[in-house]
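Chains as they are written, first to last, in the working numbering: chain A, 13 to 366; chain B, 13 to 366; chain C, 13 to 366; chain D, 13 to 366.
By construction, these hints were calculated from the structure, which means they are not laboratory data. Among the hints, a few may not be true.
Note that the list lumps identical chains together, so a pair holds whenever it fits in one copy or between two copies.
Mimicking DSS-like on lysine-lysine, the simulated pairs with C-alpha atoms at most 30 Å apart in a straight line are [claimed, not checked]: (1) Lys99 x Lys207; (2) Lys207 x Lys228; (3) Lys99 x Lys228; (4) Lys207 x Lys125; (5) Lys228 x Lys125; (6) Lys125 x Lys99.
4 protein chains.
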Amino acid sequence: MKALGESVTRRVAIAGASGYTGVELLRFLVQHPAVRVVALTAETHANRPISQVFPNLRGFVELTCVPLDAAALAREAEFVFLALPHKASMTVGAELVERGVRVLDLSADFRLKDPAAYPRWYGFEHTAPALLSTAVYGLPELHREAIAAARLVAVPGCYPTSTILGLCPLLARGLVDVETIVVDSISGVSGAGRKPELPTHYSEVNESLKAYGVAKHRHTPEIEQELSGVAGRPVMVTFTPHLAPLTRGILTTITARMSRPQTTGDLLTVYREFYRERPFVRVLEEGCLPETKHVLHSNLCDIGLVSDARTGRVVVVSAIDNLAKGASGQAVQCFNLMAGLDERAGLWIPGLFP
Amino acid sequence: MKALGESVTRRVAIAGASGYTGVELLRFLVQHPAVRVVALTAETHANRPISQVFPNLRGFVELTCVPLDAAALAREAEFVFLALPHKASMTVGAELVERGVRVLDLSADFRLKDPAAYPRWYGFEHTAPALLSTAVYGLPELHREAIAAARLVAVPGCYPTSTILGLCPLLARGLVDVETIVVDSISGVSGAGRKPELPTHYSEVNESLKAYGVAKHRHTPEIEQELSGVAGRPVMVTFTPHLAPLTRGILTTITARMSRPQTTGDLLTVYREFYRERPFVRVLEEGCLPETKHVLHSNLCDIGLVSDARTGRVVVVSAIDNLAKGASGQAVQCFNLMAGLDERAGLWIPGLFP
Amino acid sequence: MKALGESVTRRVAIAGASGYTGVELLRFLVQHPAVRVVALTAETHANRPISQVFPNLRGFVELTCVPLDAAALAREAEFVFLALPHKASMTVGAELVERGVRVLDLSADFRLKDPAAYPRWYGFEHTAPALLSTAVYGLPELHREAIAAARLVAVPGCYPTSTILGLCPLLARGLVDVETIVVDSISGVSGAGRKPELPTHYSEVNESLKAYGVAKHRHTPEIEQELSGVAGRPVMVTFTPHLAPLTRGILTTITARMSRPQTTGDLLTVYREFYRERPFVRVLEEGCLPETKHVLHSNLCDIGLVSDARTGRVVVVSAIDNLAKGASGQAVQCFNLMAGLDERAGLWIPGLFP
Amino acid sequence: MKALGESVTRRVAIAGASGYTGVELLRFLVQHPAVRVVALTAETHANRPISQVFPNLRGFVELTCVPLDAAALAREAEFVFLALPHKASMTVGAELVERGVRVLDLSADFRLKDPAAYPRWYGFEHTAPALLSTAVYGLPELHREAIAAARLVAVPGCYPTSTILGLCPLLARGLVDVETIVVDSISGVSGAGRKPELPTHYSEVNESLKAYGVAKHRHTPEIEQELSGVAGRPVMVTFTPHLAPLTRGILTTITARMSRPQTTGDLLTVYREFYRERPFVRVLEEGCLPETKHVLHSNLCDIGLVSDARTGRVVVVSAIDNLAKGASGQAVQCFNLMAGLDERAGLWIPGLFP
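Next up, chain A with everything else stripped away, as it sits in the complex (with noise of 0.2 Å):
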């Protein structure tokens, strides 16, 4: 059934398949029309067929999970999703990367550039610093033609893309006071992996609402240090992400002083002119503020904003799917520009309402 739109078909892997990025990644891989997959790896599943790990599949893929081996890897396939636990990636990426894969890391392994952020954000040292120079950035918004070229793309998180999304804008153009940015989202449960623990049992989650990571989130360095190119400076965010009851999407919600004021009309336009290339991006109409349910299950992130004259502090929001465009979804974009073929290759879908 699968529509060739592609003449070549390229050869991916997958390392990790058996968590819900991995799922996530088969599901837009299995219908992308330039993609063939020849591999998946899972320890625990080891010998399973990945359609009894995950029994949506059935039917879609007859692939068997096997160990991983890098080496092996390598033989079989041009492109490796590593869709690995942070600090797995860290080795394997170097090794396939060496034997000449390219990579794409969906971990926090080579998001940071600054070596001396990992013991401190991640508590490890990291063994392959060479890398984090040459590693890109895995967001197409911001660096495409990068992207394109690379070898190794360090796939972004969830809460960075949705913030860095939301925020760059204005931090191009010098809108905002980079002192004043306070940054909530609100996260859906699948963030948190497939992983079995109490604070994800469904239970203890359903009908309830809390913060964590306050003043410590792993991502925090990731968002500042993007925001921080774009804006030409440094710059430092309060983040605090939420939990909330339900499987899948981020709304991130971002407020900052204005550096003068500007109408709510003015700010889109400047949204709109910035992701004019970018199809992913939706900047809204005037009076509309997204709702994660409009970009469920779809690679797409909506923007919407409100310039606050009372208070001279303008609002962002934006919205997307956490496993989608804040996973899987912006991985296979990220080997769609790899790849040359065109970004929204096997990704054109609408969110899926109700």
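We have chain A; now place chains B, C and D onto it with these hints.
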């Protein structure tokens, strides 16, 4: 971005595009390789772009809703999907058929062969009873050839789809006592449509379970009509629908006394044979039972069963997405057959998990 | 703040206080006018204040969990609630009874009269079979006097409570054919306890429906034992439990063939008479069916029914909160009887809506 | 069953009993040891027993709703709770006060001291501006004595309660720069009331997140009025409310720049002292943050905070149940003070977990 696997594009329209079956039809049709959507009608939203009514469609559909005008539809479209309330389809459907349009009606208006069933179960007299005999019940797993040739297809209800698919193999082979069939279905809330009312108000339905329509649900005659056809004699069931706090999904549990002892394995073999050429029905392996999440947003129907030697009964469980295989996906499947396309065109999507 | 309607305060303890039935017991007991909680045991949380384990209890309970020591419990408490895993209660319960403590066991360990049922349904040999004959099945609506006099009460499971209460009047009066009973129950997730596992991981169970334990659920023998007692002859049922995405609540739908035609009104009269002196059972008026939300957090059981002349069957629907009337509330109700208190003491709370 | 800890019973009535704050008032009042509910009014449900409107109350309240008649209410009740829509309370409240009834208004009609704020934020002219100066803002943690003596209490909104309680200690001690306060709140859906509308239709709000009312939410002036009073100078905040898919609960996250460095421990000490005699506010220990589930169905407000030396900001998080401490529970707390009762009477209930 639309991959083109088909050389001819069919012009289709949707009447009643502003409900949940409307937006779900659009979700499938905008990605369909052989379709061009040429018109959308909606009374309350007339003259509004559909992307304002359903912001998830921003950037994917540019059409503006117009008031329903059968003559205009007939000029523009070869196929019209009717996603109208019950009773409204009766007149429009008849008019469109007369004008030579091929019609897929998602309401109940053409599902029942017996005109007398309408006053009894729906409370109105049917005004086009002649069409009832020519309309084809749009369950492709039972009526594939008739659908392919039909001018008017009555797409089944969501409960009937999951019930009939779950029961057919047993009845076709005479494996259960037809006097003993008990059907309990659980549905997500989207089946009740988009009109705001107290029973579907969030705080009323969230964290609650209930049965409703006991002994009088309107899907009962449709279920019995089709089952009787398969069994070759009158079948009467006790059908009890339930509402649970989720948006999409129907799980149907069918219990019946076996006419003679059968193992689970034997029965599964019967099911696998029965559905061998039916790509959207997945018969699970022994020991597995379906979960609606594994078919979410897909056109699939998963079926599992257990033979209970202790009580002499078989318990069959089927799972569908009520808006996809239970409505709009099934309508597109019928359309594919009518248009001479592969049954799976635009629909071959795995369940979206998690 | 505790209002004192009773002059004598009973000293009670909870063994296994760190699970959901434990915290639910505490919720009722801290507001009970005639109770002082003197000890809490929990192995994994030993030496932690219970208000750290369950922060909702901050300011209400000052006790610290201790490891289970039957001798110590027997010195401190007159009544001990056992909220332990199956099999663990067997030994502790026997020891406490021997030491003269009156025991309310919330596990299955003393529910079945037939010792042979344990290896068959639970997979272990019972080590205190003599106690099985003296233990009283703690369903006050059936066994009020025996409970009042009991030294050891086996508090029923959640599914059995809703099933037995829903069926008893029909069986007691011989109104249905006992060969035709089909029971489908839907439960919230808290019934699976607090231990994090994949099937109760939020993203797996949210927005999904499934059946499980088909033809082999452990509550089946308990249901059949009690129903057989009421009917005066062996009753066998097909019981199928389902899981739905909500924290609390069980809805049970019972379908059976009527032995002779009865109207809905006639049957409701039978139910009202049967439950006349049973304050926690509310028989609904004709035309009304229960919703779990109407009994949420309460010890109530709502029951409604419909007689279907067309099929000759009756459909009964009952609703409880699985942790309250389905476990801890019922245990407190039993305790009230054992302690010579009003059955409603500390429990006379309406459903908390919405 | 009602335990009587108080010798005198107060006669109370509820005007507008058929909404969610009405049923929540009844939940508390039927268990209150010193209250007799003598009348309930509801226009659309006039002449219906309240137990039909809210079946959870079956067996607990026998009253039938009557149309609102201030004179009749004044004859029967000493205290009247007004659970009416905004603007409707203005007239009724004034009339009842004039007739000597003590009034607790749950709407916004008497919350703002400045009559000019009504046309600006609510779009209507206040018709009883003289009462605005005598009405007491019903936040017992700030205005206990004034409430005790008041004839007319304006019970705060849900967002203001969580925001003001979260911020007061910081402002009272001058610990934050008042120009830098950003408040992001997340609410459950019941805060929007019981009237069915598209934005609170189950399938629209389930599995979705959004912000709304940005820069113009009506609770803003109420928040600023009270914070200004505490700070002793004008305070302006950016307040952004969000909607998440749960029935009950508000989580409020407050971010502000500290006037001078303070550790988390120091700040918590300030909070503990500030709320020492306030039983319903629980200040959490360092390292803990509130979750709405821990205060569900209770009148408690949990507060936690983190001082972030890196950014020089403090992040405070507070959690309440929007219908309890955010509306009806707080109203009963005010009533207790007005009636000379213990503040906790009928309200001393732990959060109901899970």
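Consistency of the hints with the structure:
no., hint, verdict
1, Lys99 x Lys207, "both (17 Å within a copy, 28 Å between copies)"
2, Lys207 x Lys228, "both (22 Å within a copy, 28 Å between copies)"
3, Lys99 x Lys228, "within (18 Å within a copy, 43 Å between copies)"
4, Lys207 x Lys125, "within (29 Å within a copy, 40 Å between copies)"
5, Lys228 x Lys125, "within (18 Å within a copy, 41 Å between copies)"
6, Lys125 x Lys99, "within (15 Å within a copy, 55 Å between copies)"
The structure fails none of the hints (numbered hints given earlier).
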